[in-house]
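Enquirer: Residue numbers (this note's numbering), protein chains in the order written: chain A, 1 to 118; chain B, 1 to 109.
Hint data in this document are derived by calculation from the structure and do not stem from the laboratory. Please read all numbers here as calculations on a predicted model, not as lab measurements. Mixed in with the good hints there might be a few duds.
Unchecked claim - Not everything, but these chain B residues come out facing chain A in the computed CB check (under 8 Å):
| no. | residue |
| --- | --- |
| 1 | Y51 |
| 2 | Y98 |
| 3 | F100 |
Where is the CB? At the ideal position from N, CA and C, for every residue including glycine.
The residues making up each chain are set out below.
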Amino acid sequence: QVQLQESGPGLVKPSETLSLTCGVSGFSISSNYYWAWIRQSPERGLEWIGSVHHSGYTSYNPSFKSRVTVSIDTSRSHFSLTLTSVAAADTAVYYCVRTMQSAAFDMWGQGTLVTVSS
Amino acid sequence: QSALTQPPSASGSPGQSISISCTGTSRDIGTYNYVSWYQQHPGKAPKLIIYEVYKRPSGVPDRFSASKSGNTASLTVFGLQAEDEADYYCTSYATTHYVFGTGTKVTVL
């Protein structure tokens with residue numbers, strides 16, 4: 001079955017860069033879906049961060065301005081998130097998610113907690 | 001962009017029905033039929049239960065029903081069951097991005 005698995009550091013220092021990868025199995029990452037990063041914190045709730053398509057198309061939440069990059073590696077069946085200049089407010093559970101053409105998030109990874117602290 | 005507005009809480013006894021509203025704007029819910037709903041149990045990832053305003057993915061009980069009118073979407077749970085106790089979130093597409101609701105905690109009394 002379709003599985004998404006986040007991986008990356010659980011602790012990042014303020015002002016540094018957060019990098020996460022999502023491995024996709026049981027499904028072709030090159031199919032006609034978008035692949036998204038979504039985060040959740042008690043303070044900010046659920047937030048869509050950005051999405052990527054295997055064609056290379058990307059879209060981002062304007063709230064993150066130029067801090068975020070989402071990329072995809074179809075040969076390795078994974079996609080990645082990079083968030084620069086992190087602060088305590090970026091502490092959250094980060095989910096990688098498959099997105100249907102109808103803009104619904106139908107498959108979620110288990111989530112990974114990232115804490116921003118010195 | 002602002003979050004969609006949901007009531008913080010809703011509750012009902014087993015067998016009863018509850019409804020949750022999700023209020024947006026003409027830039028999101030009012031324009032797009034890309035409203036979806038998610039159920040989240042503690043410590044778990046959200047689960048898609050409604051997409052494209054009213055459609056249910058395979059495996060989601062037909063006790064879950066949803067609709068939209070103007071800038072407001074609604075989710076109704078008929079015949080409430082103990083396992084329906086969870087947080088519920090709406091989301092809408094909004095021209096190149098997505099906006100989530102503030103979340104509603106459903107308690108089964």
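Enquirer: Indicate, hint by hint, whether the structure satisfies it.
Expert: Here is what the structure says about each hint:
{"no.": "1", "hint": "Y51", "verdict": "holds (4 Å)"}
{"no.": "2", "hint": "Y98", "verdict": "holds (4 Å)"}
{"no.": "3", "hint": "F100", "verdict": "holds (4 Å)"}
Every hint from the earlier list agrees with this structure, and none is contradicted.
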